[in-house]
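Trainee: Sequence order for the protein chains is Y and F. Okay, so the first sequence: first residue is 1 according to our numbering, each after it adds one. Okay, so the second sequence: first residue is 273 according to our numbering, each after it adds one.
Because the hints were derived from the structure by calculation, they are not lab data. Each residue gets a CB set at the ideal place from its N, CA and C atoms; glycine is no exception. Check before you lean on any hint, since a few could be wrong.
With a straight-line cut-off of 20 angstroms between C-alpha atoms, the simulated SDA-like cross-links for lysine to any residue are [as the list claims (entries may be wrong)]:
| no. | chain 1 | residue 1 | chain 2 | residue 2 |
| --- | --- | --- | --- | --- |
| 1 | F | K446 | Y | D159 |
| 2 | Y | K28 | F | P438 |
| 3 | Y | K174 | F | P438 |
| 4 | F | K424 | Y | D159 |
Here are a few chain Y residues that face chain F, going by a calculated C-beta distance under 8 angstroms [claimed, not checked]:
| no. | residue |
| --- | --- |
| 5 | K97 |
| 6 | D156 |
| 7 | E173 |
| 8 | N227 |
There are 2 protein chains.
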Amino acid sequence: MDFLEKLKKAIEKNNSLLSIGLDPDLTKIPPHLQQTKDWIFEFNKGIIDTTHDLVCTYKPNIAFYSSLGVYGTQSLHKTIEYIHSEYIDIPVILDAKRGDIGNTAEKYAEEVFDVFEADAVTVSPYLGLDSLEPFLKRKEKGIIILCKTSNKSTIDFQDLEVDGNPLYIHVAEKVVEWNKTYQNCLLVTGALWPEQLKKIREIASDMFFLVPGIGTQGGDLENTLKNGLTKDKSGLIISSSRGILYASDGKDFAEKAREEAQKLKDSINQYR
Amino acid sequence: MDFLEKLKKAIEKNNSLLSIGLDPDLTKIPPHLQQTKDWIFEFNKGIIDTTHDLVCTYKPNIAFYSSLGVYGTQSLHKTIEYIHSEYIDIPVILDAKRGDIGNTAEKYAEEVFDVFEADAVTVSPYLGLDSLEPFLKRKEKGIIILCKTSNKSTIDFQDLEVDGNPLYIHVAEKVVEWNKTYQNCLLVTGALWPEQLKKIREIASDMFFLVPGIGTQGGDLENTLKNGLTKDKSGLIISSSRGILYASDGKDFAEKAREEAQKLKDSINQYR
């Protein structure tokens, strides 16, 4: 089953557009887990076991793992393997924002899809189509291209005006064009920018968007949904990480994470 | 010693602007090494031992290692450690093209500088300044920002016209501005584009540029040097990988690599 099909089924089964960002941080996890041998996996497993019926995807960001060296890399592998084996219906997006020239991009595609066996990946558009083709040609995978990201410095380049429109609009237009060939593209559109999301939705009327920035980063949920939903009340993957993961630092961390996930899922559905 | 100082000393000591890209590929290395337990390290060590007096930096691209999972990651670590211990004068650029929002960028900076102990890193500008600050604030490290890359699809976005100039020019201008604060910036300018390099040199008159694309990728060495050198006949790090690494697939691979490195170093110096 390809990524988009798996995603749509998970959305339907769990009635959810929520994605949980699995970004484990030793300084924030419960103290009782900090002592365990594999604290990353124990923490992730706790979160996954209590939330798997509330989400449409999990989204580990590889930086939180690779910053811990070999141990982190192994725990990321174990985490993805665990989701695939226990909760096969939930696709895994590896947030990696890769972007390099062709022969190197091939190696990154191997890292993401063959080593870690992710169902989808985030990539950067700056180098253009030939840097993305090694990902795009993996037709069963989801390729999620940065468009208007969830940080303030998007004004530096993404907002620069090209032929009367900001650069991120040109990125969206190109991705729509490439998607005619590959049919596995998605876009990243940060929740800080609901007005810009509206413009991007006009260009990519039925494409899925990954929307980070809800929660700690202060994104606007109501307008994100209002401006971003497709006609069939779908088309968005709303990602939250810290607000869910670190709801409690006690032994009840997983239950509290579930409560936060349930709340956010319900808030999202309220606007659908 | 900070990266730029270390780089300048290596350029002077070895009279070289050549950087060797350490991108090991199992399908291209000599058959007798394919059987060894740690083929990556054995191959890299062979190349490093015969070329360390001909280069100003080594530049492993992390994708060639992470695509091999934990084994590759360990061998990258071992390779960088080997250069630091045996050839302390030669700085190591980790070609990683990272780019993510602030708190994640912090984690990537830890990956590159704390886990792998690289002296410099390549990063993508697409997300803007706040995504680069976690790197830039490591003032002793070199932060090498993609500007005009060495692939054909740079026409998709990097060449788009903003206020009468292509996007990559705006990237160069911003980096020059940021460099006033951080003083550790460099730019990536591919050797496929010597005319564009000339324009970038006009904006960043004394900044170092990392120039990939010589050799297999078909870059124009003479015009790269003519248009890219600073007034003191420096300012360029000319990177070559496949053309040197795979000069022979026999037991003489390291000696043949040295011959190719010597030739390229001499060609570069001929135009200085």
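Trainee: All the hints need checking, so say for each whether the structure fits it.
Mentor: Consistency of the hints with the structure:
The straight-line distance between the Cα atoms of F:K446 and Y:D159 is roughly 14 angstroms, inside the 20 angstroms bound, and the hint therefore holds. For the hint linking Y:K28 to F:P438, the alpha-carbon distance of about 43 angstroms lies beyond 20 angstroms, and the restraint is violated. This hinted pair checks out: Y:K174 and F:P438 have alpha carbons roughly 17 angstroms apart, not beyond 20 angstroms. The suggested pairing of F:K424 with Y:D159 is violated, with an alpha-carbon distance near 24 angstroms, which exceeds 20 angstroms.
At a threshold of 8 angstroms, the smallest CB-CB gap from Y:K97 to chain F is about 5 angstroms, leaving the interface hint in force. Against a cut-off of 8 angstroms between C-beta atoms, the interface hint on Y:D156 holds, since the closest Cβ of chain F lies about 3 angstroms away. With 8 angstroms as the threshold, the beta carbon of Y:E173 stays out of range of chain F, its nearest partner Cβ sitting at about 11 angstroms, so the hint is violated. With a least beta-carbon distance of about 21 angstroms to chain F, the hint placing Y:N227 at the interface is violated under the 8 angstroms criterion.
Against the hints set out earlier in the document, violations occur for numbers 2, 4, 7, 8.
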